[in-house]
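Please build the complex by placing chain B on the supplied structure of chain A, with the hints as guidance.
Protein chains: 2
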Amino acid sequence: MKFELTKEYLDELRERIAHDDDRGAYKMIEDLHPADIAEIYDELNIEEARFLHIMLSGEKAADVLIELEQDDRERFLEVLPGDVIAKQFIDKLDSDDAADVLGELSDEKREEVLTYVENLEQAGDIVDLLNYDENSAGGLMAKELIAVNENWNITTCLKEMRRQAADINEIYYVYVIDDAQKLKGTLSLKKLLLTPSTAKIKDIMNQDVISVKTETPSEEVANIMDKYDLVALPVIDPLGRLVGRITIDDVVDVIREEAGKDYQLVSGITENVEASDNAFQLTRARIPWLFIGLLGGILGAVVIGVYEEDLGIYPEMAFFIPLIAAMGGNVGVQSSSIIVQSLAYRSLGVEGIGKKLLKELAVASINGLILSAIIFTYNFFFTESFALTLTVSTALFGVIIFASIFGTFVPLLLEKFKIDPALATGPFITTVNDIMGLFIYLMIGRTFYAMF
Amino acid sequence: MKFELTKEYLDELRERIAHDDDRGAYKMIEDLHPADIAEIYDELNIEEARFLHIMLSGEKAADVLIELEQDDRERFLEVLPGDVIAKQFIDKLDSDDAADVLGELSDEKREEVLTYVENLEQAGDIVDLLNYDENSAGGLMAKELIAVNENWNITTCLKEMRRQAADINEIYYVYVIDDAQKLKGTLSLKKLLLTPSTAKIKDIMNQDVISVKTETPSEEVANIMDKYDLVALPVIDPLGRLVGRITIDDVVDVIREEAGKDYQLVSGITENVEASDNAFQLTRARIPWLFIGLLGGILGAVVIGVYEEDLGIYPEMAFFIPLIAAMGGNVGVQSSSIIVQSLAYRSLGVEGIGKKLLKELAVASINGLILSAIIFTYNFFFTESFALTLTVSTALFGVIIFASIFGTFVPLLLEKFKIDPALATGPFITTVNDIMGLFIYLMIGRTFYAMF
Numbered sequence: 001m002k003f004e005l006t007k008e009y010l011d012e013l014r015e016r017i018a019h020d021d022d023r024g025a026y027k028m029i030e031d032l033h034p035a036d037i038a039e040i041y042d043e044l045n046i047e048e049a050r051f052l053h054i055m056l057s058g059e060k061a062a063d064v065l066i067e068l069e070q071d072d073r074e075r076f077l078e079v080l081p082g083d084v085i086a087k088q089f090i091d092k093l094d095s096d097d098a099a100d101v102l103g104e105l106s107d108e109k110r111e112e113v114l115t116y117v118e119n120l121e122q123a124g125d126i127v128d129l130l131n132y133d134e135n136s137a138g139g140l141m142a143k144e145l146i147a148v149n150e151n152w153n154i155t156t157c158l159k160e161m162r163r164q165a166a167d168i169n170e171i172y173y174v175y176v177i178d179d180a181q182k183l184k185g186t187l188s189l190k191k192l193l194l195t196p197s198t199a200k201i202k203d204i205m206n207q208d209v210i211s212v213k214t215e216t217p218s219e220e221v222a223n224i225m226d227k228y229d230l231v232a233l234p235v236i237d238p239l240g241r242l243v244g245r246i247t248i249d250d251v252v253d254v255i256r257e258e259a260g261k262d263y264q265l266v267s268g269i270t271e272n273v274e275a276s277d278n279a280f281q282l283t284r285a286r287i288p289w290l291f292i293g294l295l296g297g298i299l300g301a302v303v304i305g306v307y308e309e310d311l312g313i314y315p316e317m318a319f320f321i322p323l324i325a326a327m328g329g330n331v332g333v334q335s336s337s338i339i340v341q342s343l344a345y346r347s348l349g350v351e352g353i354g355k356k357l358l359k360e361l362a363v364a365s366i367n368g369l370i371l372s373a374i375i376f377t378y379n380f381f382f383t384e385s386f387a388l389t390l391t392v393s394t395a396l397f398g399v400i401i402f403a404s405i406f407g408t409f410v411p412l413l414l415e416k417f418k419i420d421p422a423l424a425t426g427p428f429i430t431t432v433n434d435i436m437g438l439f440i441y442l443m444i445g446r447t448f449y450a451m452f
Numbered sequence: 453m454k455f456e457l458t459k460e461y462l463d464e465l466r467e468r469i470a471h472d473d474d475r476g477a478y479k480m481i482e483d484l485h486p487a488d489i490a491e492i493y494d495e496l497n498i499e500e501a502r503f504l505h506i507m508l509s510g511e512k513a514a515d516v517l518i519e520l521e522q523d524d525r526e527r528f529l530e531v532l533p534g535d536v537i538a539k540q541f542i543d544k545l546d547s548d549d550a551a552d553v554l555g556e557l558s559d560e561k562r563e564e565v566l567t568y569v570e571n572l573e574q575a576g577d578i579v580d581l582l583n584y585d586e587n588s589a590g591g592l593m594a595k596e597l598i599a600v601n602e603n604w605n606i607t608t609c610l611k612e613m614r615r616q617a618a619d620i621n622e623i624y625y626v627y628v629i630d631d632a633q634k635l636k637g638t639l640s641l642k643k644l645l646l647t648p649s650t651a652k653i654k655d656i657m658n659q660d661v662i663s664v665k666t667e668t669p670s671e672e673v674a675n676i677m678d679k680y681d682l683v684a685l686p687v688i689d690p691l692g693r694l695v696g697r698i699t700i701d702d703v704v705d706v707i708r709e710e711a712g713k714d715y716q717l718v719s720g721i722t723e724n725v726e727a728s729d730n731a732f733q734l735t736r737a738r739i740p741w742l743f744i745g746l747l748g749g750i751l752g753a754v755v756i757g758v759y760e761e762d763l764g765i766y767p768e769m770a771f772f773i774p775l776i777a778a779m780g781g782n783v784g785v786q787s788s789s790i791i792v793q794s795l796a797y798r799s800l801g802v803e804g805i806g807k808k809l810l811k812e813l814a815v816a817s818i819n820g821l822i823l824s825a826i827i828f829t830y831n832f833f834f835t836e837s838f839a840l841t842l843t844v845s846t847a848l849f850g851v852i853i854f855a856s857i858f859g860t861f862v863p864l865l866l867e868k869f870k871i872d873p874a875l876a877t878g879p880f881i882t883t884v885n886d887i888m889g890l891f892i893y894l895m896i897g898r899t900f901y902a903m904f
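The listed protein sequences correspond, in order, to chains A and B. Just so we're aligned: 238 in my numbering is position 238 of the first sequence, and the numbers increase by one with no gaps anywhere. Just so we're aligned: 900 in my numbering is position 448 of the second sequence, and the numbers increase by one with no gaps anywhere.
Mixed in with the good hints, there may be bad ones.
Stated by the list, open to error - Cross-link-like lysine-lysine pairs, in silico, DSS-like; alpha carbons within 30 Å at most:
1. Lys356/A with Lys459/B
2. Lys807/B with Lys7/A
3. Lys713/B with Lys418/A
Unchecked claim - According to the in silico footprint, chain A covers these stretches of chain B (three or more CB under 8 Å from chain A):
4. 680-694
5. 737-751
6. 763-772
7. 817-825
Claimed, not checked - Partial list, derived from the structure: chain A residues whose beta carbon lies under 8 Å from chain B:
8. Ile255
9. Leu294
10. Ala325
11. Asn367
Since the hints were derived computationally from the structure, they do not count as laboratory data. Just so it is clear, CB atoms sit at the ideal spot from N, CA and C, and this is done for glycine as well.
Isolated chain A, as found in the complex:
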């Protein structure tokens, strides 16, 4: 019932493929869900996967394709001729999935495939969908839906639904439109089951329908469906006409992707990689931020270089360089990530930016006072230099204040300019705070050593 991919299973499957045992290999996968077969492909090389794929029936082969990771799918489609892609896949997929697949092909290949699509209505729907930004409601929606006229009664409605339903995998809602195709309401299947068949649709439909426009960004679509607990969401055009519907499974993918992207940025990874990717992909995703970190480190070396003389005289000042740099980095990441998460989930509240910074200042002051007091006590007892004791605790307080305000302000600023605020988390914020922290520390040190 539920499939778990193991090394043993995979070894046996590979063995059968290697021995050209197509019947034996097919037996192992025939009862599996397309999502499980896609997971198996992910572990096979392209020839092995193709060996299995040609044995699958049309609908299932198309469904497996949709479940593949994007780069695996692209490699898969690259070698297939346009008419095969059209007949074996595009004709059998829902319009939104078909548009996603076509959107990944080159311009020429896409046009070639489209000329071979037999169902002209499907071809038209796909061309429509390809026009929308893939990160908008238009890019997420499918054209397949059940729409009934508000003036019909339930019997007509059921008859029409039977006709329309043939194309659609699952029905969650029936949408109600007027003669001008404008969305007027929804009808739950429960209502249809419970109401006498002469009732007019208009009188039993739910008029409080939540919808989005084609240009609504995906993130907002996800937030709306999550907030209002919806499994399907109708999409309307600028004239209010019903043009498609988005289902929750597509939105779950959006939520996971968004969360994954933010997580990657805070961890300093620039591409969507997994532990099972190869060493080259993993390196490519990691080196950009490391390079920036390295530049930051060199800048840090330059800053310390300015104070070389002081360090020659008071080498103990070097002891606390890592502490100051690390604390600046930690505090900065905390501040920026709280803001980034609140922006992502629209839970920032209604208070203005000034009030937010003031609150952050309060938090930073409390944290700063506590931690500075601890390090003051430690140094008071374990360090001989009072100047150092004073320098470290004062600098730590200063760094915490600076890093908090900077970490709060930068993501808010980026958001204002419509740049992804998550860019201001992770290595960026640590690097800037490292350098600023060093500067604050050494400057304060020079002053205090001169005074005491």
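This is chain B only, laid out in the frame that chain A set:
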């Protein structure tokens, strides 16, 4: 249609509440969705929220309660007598929501409330649900579902569905059971609409039904629903009997929570906080990891202290302390977060732990060689000491290798011992790598300065 909470709206609402203008205040919220009203409560103080709440009708008041943040809800219920909670909320909620609310109350209060629940079937369902771990399928599921017997025909089935449907908000699937209550299949509403009414359920149901056991962990439930694109998932007991169903909206919350938790850990935050929380909550969530970072910094100071003499003679060695520490931290966070994400999404692949570490070693070597070459070139031209040039580049390479392997190994180890691997991201990994990096750097420095 879609509501956006603004400062102006809130000011006006507060104004009306302050002037005891209950009619005016009610007018502002009466057409809003419960989720929107909950969002408004979040910005009001408890008295203002209660002023609005007593004007809401039963069903709506209960729905708003469910949409509130947990701590707001607890404060809300604290002051209400048990019979009011039972009649106004518990009787009107779905069994899963009712159990969640009751689960948040103290033991005595819960028992008191349960004695007042009028619907005895509901009370029984809730008591059943309270027995399950809240992070398991049993804790997520609701008891309300439509189940039909496999031996019925469609007409009987529809009649029975009409009877059962009265209690249920939405129907996504009809579950098919045998005489012993065992789950045998599902029936899509589409099938019900398209099939002649004399057909037997047994012959038209889908037998490939994916289900989970009551003890399946929430994370796995989320992964299954996501992977197989399900909107509802039946839950069975050890005997295979159908005991409940989980809907996708509850799972979306699980996915967001899990992603949020991992994000917090990598950012060094110990509690679920939002930018709109107060300064005290924000401080409490942030100081624990800062404290650990501070301890790490003190340990770092001790490590450098051991090499104080060397630093007195070669103060330029201090220049690159921040670079080495920062790079160790960055690389460690990258490695650990890739593993943590892959564990969370079950995309770790089938290769063993040894192979993973070997691959990580390859990635670290490539990154290490490139970055060491860059810093070698920089120091060769801009630094006078060849010993320093050699020390920094060698130490950087060593730190990158150590941090990568450590960052990969620790989360895998934690997972083995059933501890949340995400603990090994963020400040923990940076702190350890800071200290180890310093140690490697200063040790190599002493060796090379002695040689050149």
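Evaluated hints:
1. Restraint check: the Cα-Cα separation between Lys356/A and Lys459/B comes to about 14 Å, which is no more than 30 Å; the hinted pair holds.
2. Only pairs whose Cα atoms come within 30 Å are accepted, and Lys807/B paired with Lys7/A is accepted, the gap being roughly 13 Å.
3. The hinted pair formed by Lys713/B and Lys418/A meets the criterion: a straight-line CA distance of about 26 Å does not exceed 30 Å.
4. Here the region 680-694 of chain B counts 4 residues with a CB under 8 Å from a CB of chain A, which clears the bar of 3, and the coverage holds.
5. Check result for the region 737-751 of chain B against chain A: holds, 10 residues qualifying (beta carbon to beta carbon below 8 Å, three or more required).
6. With a threshold of 8 Å between beta carbons, the proposed coverage of the region 763-772 of chain B by chain A holds, since 7 of its residues qualify and at least three are required.
7. Coverage of the region 817-825 of chain B by chain A holds [criterion: at least 3 residues with CB-CB distance below 8 Å; count 4].
8. Restraint check, Ile255/A versus chain B: the minimum CB separation of about 6 Å is within 8 Å; hint holds.
9. Contact between Leu294/A and chain B, as hinted, is supported at the beta carbon level, the nearest pair being about 6 Å apart and thus within 8 Å.
10. For Ala325/A, the shortest C-beta to C-beta distance to chain B is roughly 5 Å, which falls under 8 Å, so the interface hint holds.
11. Taking 8 Å as the C-beta cut-off, the interface hint given for Asn367/A holds, the closest approach to chain B being about 6 Å.
The structure meets every hint from the earlier list without exception.
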